[in-house]
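Residue numbers (UniProt numbering): 1 to 319.
Derived from the structure by calculation, the hints contain no laboratory data.
There could be a bad hint or two in this list.
Stated by the list, open to error - Computed beta-carbon distance windows for the label pairs:
no., residue 1, residue 2, range
1, Ile110, Leu160, 40 to 46 Å
2, Val156, His247, 25 to 31 Å
3, His247, Gly52, 17 to 23 Å
4, Leu263, Lys82, 38 to 44 Å
5, Arg312, Ala151, 45 to 51 Å
Said to hold, decoys possible - List time: in silico BS3-like cross-link candidates among lysine-lysine, alpha-carbon distance up to 30 Å:
no., residue 1, residue 2
6, Lys295, Lys311
7, Lys277, Lys124
8, Lys277, Lys120
9, Lys277, Lys82
10, Lys70, Lys82
11, Lys61, Lys277
12, Lys61, Lys82
13, Lys119, Lys224
14, Lys119, Lys234
15, Lys223, Lys120
16, Lys177, Lys295
17, Lys295, Lys70
18, Lys234, Lys311
19, Lys311, Lys224
20, Lys277, Lys177
21, Lys234, Lys82
22, Lys75, Lys277
23, Lys61, Lys295
24, Lys124, Lys295
25, Lys167, Lys177
26, Lys224, Lys124
All C-beta atoms, glycine included, are put in the ideal place defined by N, C-alpha and C.
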Amino acid sequence: MDETLTKNRTVRKSKKEKKMTWSLIKSQSQLIYMSVPLLAYIILFAYVPIWGWTMAFQDYKPARSFSDQKWVGFKHFEFLFKDDSFLQVLRNTLAMSIINLILGFTTAIILALLLNEIKKIFWKRTVQTISYLPHFLSWIIVTGIVATSLASDGIVNDVLLKLNLIKEPIQWLSEGKYFWGIVGASHVWKEVGWNTIIYLAAMSAIDPALYEAADIDGASRYKKMLHITLPGIKPTIIILLIMSIGHILEAGFEVQYLLGNGLVLDWSQTIDIFVLKYGLAQGNYSLATAAGIFKTVVSVTMLLFANWMAKRLGEERLL
1 MDETLTKNRT VRKSKKEKKM TWSLIKSQSQ LIYMSVPLLA YIILFAYVPI
51 WGWTMAFQDY KPARSFSDQK WVGFKHFEFL FKDDSFLQVL RNTLAMSIIN
101 LILGFTTAII LALLLNEIKK IFWKRTVQTI SYLPHFLSWI IVTGIVATSL
151 ASDGIVNDVL LKLNLIKEPI QWLSEGKYFW GIVGASHVWK EVGWNTIIYL
201 AAMSAIDPAL YEAADIDGAS RYKKMLHITL PGIKPTIIIL LIMSIGHILE
251 AGFEVQYLLG NGLVLDWSQT IDIFVLKYGL AQGNYSLATA AGIFKTVVSV
301 TMLLFANWMA KRLGEERLL
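Work the whole structure out from these sequences, hints included.
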């Protein structure tokens with residue numbers, strides 16, 4: 001008898017949940033219809049191309065049908081990890097990605113904190129505008145400015161010579177040991193202003209009563225920054241960090257390609273340049289696709305790991 005009653009209650013509960021689900025879908029039908037074009041766009045341009053990953057497991061030859069391709073399993077992946085040039089490329093990519101991540105994060109947060117402390121609106125907007133402007137320049141222009149500034153007779157060597165910090169001009173773009181730092185500094189100069197926008201938006205949501213209470217307690221600007229502003233934007237920092245770690249192998253392409261030369265080749269090559277060189281220049285599409293798959297798998301793994309770590313530490317998470 002009890003089992004029958006329990007079963008009837010379960011059935012009624014299930015019917016009620018289904019009815020609520022359908023009524024919820026019907027009430028939001030307009031939003032669902034509006035999202036269909038966007039969903040179709042994502043499927044068409046983000047998921048359908050994944051079909052091309054099959055090339056990584058074939059000795060792909062253009063102009064042959066899919067059934068005529070020769071399947072070779074993990075041959076191209078094995079070649080990648082035995083190839084010294086790919087391991088060197090992987091080292092360069094990781095090094096430049098980590099430098100960009102650390103410099104990009106710290107400089108954007110510091111600049112946002114300083115901008116938040118400027119009380120004069122005119123000066124605040126002036127500094128913001130000046131710092132945003134490089135973001136709208138293409139990498140062609142940015143690398144041109146960087147190369148001109150770092151030339152033997154450029155402004156950087158002139159300043160260092162006049163300050164007696166060096167005795168003769170440094171060939172910045174001819175020595176590999178400087179290349180990673182130059183790329184990191186170029187990224188900071190171009191993007192630091194733009195990256196502060198989201199932090200400033202997060203700071204504007206902090207309750208002003210907290211600052212007023214701190215003023216009453218006699219807290220200095222530094223103390224308010226440390227104990228109110230930084231904790232207030234902590235969830236934003238965690239979310240952006242997780243998203244950035246997911247792009248750990250996205251060291252970039254343009255800046256390394258445009259600033260690189262034969263003298264710094266061992267330091268400037270990234271996975272993207274490797275894919276371009278093998279895929280388009282040499283026509284080895286299978287090897288280039290295998291390198292691209294490796295990059296994607298590492299990025300997704302790092303994203304999930306960072307998200308899991310944030311969950312374990314009780315912080316905000318993305319998924």
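Against the structure, the hints come out as follows:
Remark: the range hint 40 to 46 Å for Ile110 to Leu160 is contradicted by a beta-carbon distance near 24 Å. A hinted range of 25 to 31 Å holds for the C-beta pair Val156 and His247, which are about 29 Å apart. Taking 17 to 23 Å as the suggested C-beta distance range, the pair His247 and Gly52 conforms, at roughly 21 Å. Leu263 and Lys82 have their C-beta atoms about 27 Å apart, which leaves the hinted 38 to 44 Å range violated.
Taken as a hint, the range 45 to 51 Å holds for the pair Arg312 and Ala151, whose Cβ atoms sit roughly 49 Å apart. The suggested pairing of Lys295 with Lys311 holds, with an alpha-carbon distance near 24 Å, which does not exceed 30 Å. As the CA atoms of Lys277 and Lys124 are separated by approximately 45 Å, the hinted pair breaks the 30 Å bound. Among the hinted pairs, Lys277 with Lys120 is inconsistent with the structure: their alpha-carbon atoms are about 51 Å apart, more than 30 Å.
Annotation: proposed proximity of Lys277 to Lys82 holds, straight-line Cα distance about 18 Å (limit 30 Å). Note on Lys70 and Lys82: the hinted pairing holds, with a Cα-Cα distance of about 22 Å set against a maximum of 30 Å. Proposed proximity of Lys61 and Lys277 is supported: the alpha carbons are some 17 Å apart, at most 30 Å. The hinted pair formed by Lys61 and Lys82 meets the criterion: a straight-line CA distance of about 23 Å does not exceed 30 Å.
For the proposed pair Lys119 and Lys224, the alpha carbon gap of about 15 Å is at most 30 Å, so the pair holds. Only pairs whose Cα atoms come within 30 Å are accepted, and Lys119 paired with Lys234 is accepted, the gap being roughly 23 Å. Using a Cα cut-off of 30 Å, the hinted pair Lys223 and Lys120 holds, with the two alpha carbons roughly 21 Å apart. Straight-line distance between C-alpha atoms of Lys177 and Lys295 comes to about 25 Å, which keeps the hinted pair within the 30 Å bound.
Straight-line distance between C-alpha atoms of Lys295 and Lys70 comes to about 24 Å, which keeps the hinted pair within the 30 Å bound. Taken as a hint, the Lys234 and Lys311 pair is honoured in the structure, with Cα atoms around 14 Å apart against an allowance of 30 Å. Straight-line distance between C-alpha atoms of Lys311 and Lys224 comes to about 28 Å, which keeps the hinted pair within the 30 Å bound. About 23 Å separates the Cα atoms of Lys277 and Lys177, which keeps this hinted pair within 30 Å; it holds.
For the hint linking Lys234 to Lys82, the alpha-carbon distance of about 42 Å lies beyond 30 Å, and the restraint is violated. Between the alpha carbons of Lys75 and Lys277 the distance comes to roughly 19 Å, so the proposed pair stays at or under 30 Å and holds. Taking the CA atoms of Lys61 and Lys295, the gap is about 23 Å. The hint holds against a cut of 30 Å. A C-alpha spacing of about 40 Å is found between Lys124 and Lys295, which places the hinted pair above 30 Å, so the restraint is violated.
Using a Cα cut-off of 30 Å, the hinted pair Lys167 and Lys177 holds, with the two alpha carbons roughly 19 Å apart. With a CA separation close to 19 Å, the supplied pair Lys224 and Lys124 stays within the 30 Å bound.
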